[in-house]
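Colleague: Per the working numbering, the sequence shown starts with residue 1, numbered consecutively.
Hints may contain errors.
Just the calculated beta-carbon pair ranges, DEER-fashion [claimed, not checked]:
no.	residue 1	residue 2	range
1	ARG316	ARG115	25 to 31 Å
2	HIS233	PRO52	40 to 46 Å
3	ASN153	ARG115	33 to 39 Å
4	PRO141	GLY26	34 to 40 Å
Straight line, CA to CA, 27 Å or less: simulated DSSO-like cross-link-like pairs of lysine-lysine [unchecked claim]:
no.	residue 1	residue 2
5	LYS90	LYS55
6	LYS273	LYS6
7	LYS143	LYS90
8	LYS85	LYS67
9	LYS265	LYS219
10	LYS85	LYS143
11	LYS273	LYS154
12	LYS55	LYS67
13	LYS67	LYS90
14	LYS273	LYS384
15	LYS219	LYS55
16	LYS154	LYS90
17	LYS383	LYS55
18	LYS67	LYS2
19	LYS154	LYS219
20	LYS70	LYS2
21	LYS6	LYS265
22	LYS219	LYS143
23	LYS67	LYS143
24	LYS85	LYS70
25	LYS55	LYS2
26	LYS2	LYS219
27	LYS6	LYS219
28	LYS154	LYS67
29	LYS90	LYS70
30	LYS70	LYS55
31	LYS143	LYS383
Since the hints were made in silico from the structure, they are not lab data. Please read these numbers as outputs of a predicted model, since none were measured by experiment. Where is the CB? At the ideal position from N, CA and C, for every residue including glycine.
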Amino acid sequence: MKYLIKTWGCQMNALDSDKMAGLLQGLGYLPTEEEREADVILLNTCSVREGPENKVFTELGRLQPLKRSKPLILGLVGCVAQQEKEQVFKRAPYVDLVMGPRGVRHLPELLAQARNQRAIDTQFHDDSILFPDQAIARTNPTKAYITVMEGCNKRCTFCIVPTTRGREVYRPLTDIVQEARRAVDGGYREVELLGQNVNCWREGARRFVDLLAAVSDIKGIRRLRFTTSHPRHFPIAVADLMAERENLCPYLHLPVQAGSDRILKLMRRQYDKAWYLELVRRIRERIPHIALSTDVIVGFPSETEEDFQHTLDVVRRAEYDTLFSFRYSPRPGTPAAGMEPVPEALARERHQRLLDLQLEIQTRRFAAMEGRVVEVLVEGGSKKGGQIMGRTPDNKVVNFSASRPVDVNTFVNVRITRSAVNSLVGELA
């Protein structure tokens with residue numbers, strides 16, 4: 001028996017796929033990349049935007065003839081499954097299994113049920129974060145993702161995550177530390193702590209900074225990252241700890257979403273432009289060499305040119321190394337879906353202007369790396385023929401040439417010879 005899992009979305013989705021793979025392997029299934037060999041195909045989905053959601057149902061339709069030709073359990077799992085629930089069976093009646101992201105631990109029972117009848121689990125199980133890490137079939141060769149909390153208590157008007165992931169639940173500190181130790185024992189030197197609002201983690205009087213310190217103390221962790229941080233709940237004590245400890249990577253994802261106070265209020269982001277920029281200033285004051293990334297939504301309902309200019313101003317002043325930007329996509333059941341839309345053509349034009357500005361900033365910041373020697377964690381072969389790819393502590397991709405064999409999951413020093421649009425180019429130092 002063989003299985004195939006296709007994954008869309010964030011790091012949490014990638015980790016969920018590794019958890020499902022581990023459960024399937026525990027049942028005796030073997031992985032395959034060939035659809036025709038698979039006895040189970042699971043599509044692990046993201047519903048943050050409309051495009052990926054539509055792509056998933058197109059993919060289901062493409063797989064329908066395969067299901068007709070052989071015994072096959074076809075499952076839709078993840079956030080789209082949680083969002084659509086029983087409607088999945090109406091839109092795609094040939095689907096056998098529907099499971100939300102908080103039901104991963106129950107996959108074996110659902111599979112057993114799906115052999116005889118439709119199976120569905122879209123409950124918000126609080127025990128979803130207690131998944132036994134020994135059962136995870138980790139596919140990332142260099143980084144161990146570790147769930148520390150799941151869900152979101154925020155109600156940003158554009159976001160469907162609270163609907164698909166539920167309210168926040170937190171994993172015990174001792175469990176997290178034990179998993180990180182086992183990851184190190186398994187050969188990992190980089191760990192990334194995951195949560196929808198990772199810095200909201202708490203346990204009694206302990207807060208995220210205490211968790212970060214405890215994991216950072218583990219001998220053998222060379223690099224420690226975390227994502228995603230809500231700006232309103234980013235404690236400056238975390239920046240102090242990052243400045244103090246060498247193995248805490250100088251990289252932070254800090255989603256701003258918009259620069260206009262009016263739009264931020266409509267989004268219910270709980271901060272304004274001045275507050276966010278002051279937080280950035282305080283972080284850079286403590287960690288001058290930090291690389292910041294962010295998320296920006298362009299064309300949020302009722303956005304004016306003046307509103308958009310405030311967003312451009314934040315991007316100029318924050319100087320992000322990486323920017324993930326999207327045109328607003330209405331999500332079912334969210335308050336913003338009923339607000340006044342911005343014409344699509346105008347949203348596209350503004351989005352391009354934002355991309356042009358970011359390209360200018362990013363090109364300058366990447367070019368400043370030329371001539372430096374940086375530490376790179378080797379991830380594997382590069383898409384650039386004959387080169388090797390890895391990442392710096394501040395999460396920049398480096399493609400480099402080497403005159404000797406270089407193993408994956410090892411650290412090497414690379415001299416940066418030039419910069420590209422989204423990466424650096426170098427040679428083994």
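Colleague: Take the hints in turn and mark each one as holding or not.
Modeller: Hint by hint, here is what the structure shows:
1. ARG316 to ARG115: 25 to 31 Å: Violated: the Cβ-Cβ distance is about 57 Å, outside 25 to 31 Å.
2. HIS233 to PRO52: 40 to 46 Å: 27 Å, violated
3. ASN153 to ARG115: 33 to 39 Å: Because 38 Å falls inside the window, the suggested range holds.
4. PRO141 to GLY26: 34 to 40 Å: 21 Å, violated
5. LYS90 to LYS55: The hint holds at about 17 Å.
6. LYS273 to LYS6: With a Cα-Cα distance of about 38 Å, the restraint between LYS273 and LYS6 is violated, given a limit of 27 Å.
7. LYS143 to LYS90: Violated - the C-alpha atoms of LYS90 and LYS143 are around 39 Å apart, more than 27 Å.
8. LYS85 to LYS67: 21 Å, holds
9. LYS265 to LYS219: Answer violated: LYS265 to LYS219 is near 44 Å, above 27 Å.
10. LYS85 to LYS143: Distance of about 32 Å is beyond 27 Å: violated.
11. LYS273 to LYS154: 19 Å, holds
12. LYS55 to LYS67: Roughly 18 Å separates the two Cα atoms, so the pair holds.
13. LYS67 to LYS90: Distance ~17 Å between LYS67 and LYS90 Cα, so the pair holds.
14. LYS273 to LYS384: 40 Å, violated
15. LYS219 to LYS55: Violated - the C-alpha atoms of LYS55 and LYS219 are around 43 Å apart, more than 27 Å.
16. LYS154 to LYS90: Answer violated: LYS154 to LYS90 is near 31 Å, above 27 Å.
17. LYS383 to LYS55: Distance ~25 Å between LYS383 and LYS55 Cα, so the pair holds.
18. LYS67 to LYS2: 14 Å, holds
19. LYS154 to LYS219: 35 Å, violated
20. LYS70 to LYS2: Holds, at roughly 13 Å.
21. LYS6 to LYS265: 37 Å, violated
22. LYS219 to LYS143: With Cα atoms ~16 Å apart, LYS219 and LYS143 stay inside 27 Å; holds.
23. LYS67 to LYS143: Not OK: LYS67 and LYS143 at ~35 Å, beyond 27 Å, violated.
24. LYS85 to LYS70: 26 Å, holds
25. LYS55 to LYS2: Satisfied, since the Cα-Cα distance of roughly 24 Å is no more than 27 Å.
26. LYS2 to LYS219: Violated. LYS2 to LYS219 sits at ~38 Å, over the 27 Å cutoff.
27. LYS6 to LYS219: With Cα atoms ~35 Å apart, LYS6 and LYS219 exceed 27 Å; violated.
28. LYS154 to LYS67: 40 Å, violated
29. LYS90 to LYS70: Holds, at about 22 Å.
30. LYS70 to LYS55: 24 Å, holds
31. LYS143 to LYS383: Satisfied, since the Cα-Cα distance of roughly 19 Å is no more than 27 Å.
This entry does not satisfy hints 1, 2, 4, 6, 7, 9, 10, 14, 15, 16, 19, 21, 23, 26, 27, 28, going by the numbered hints stated previously.
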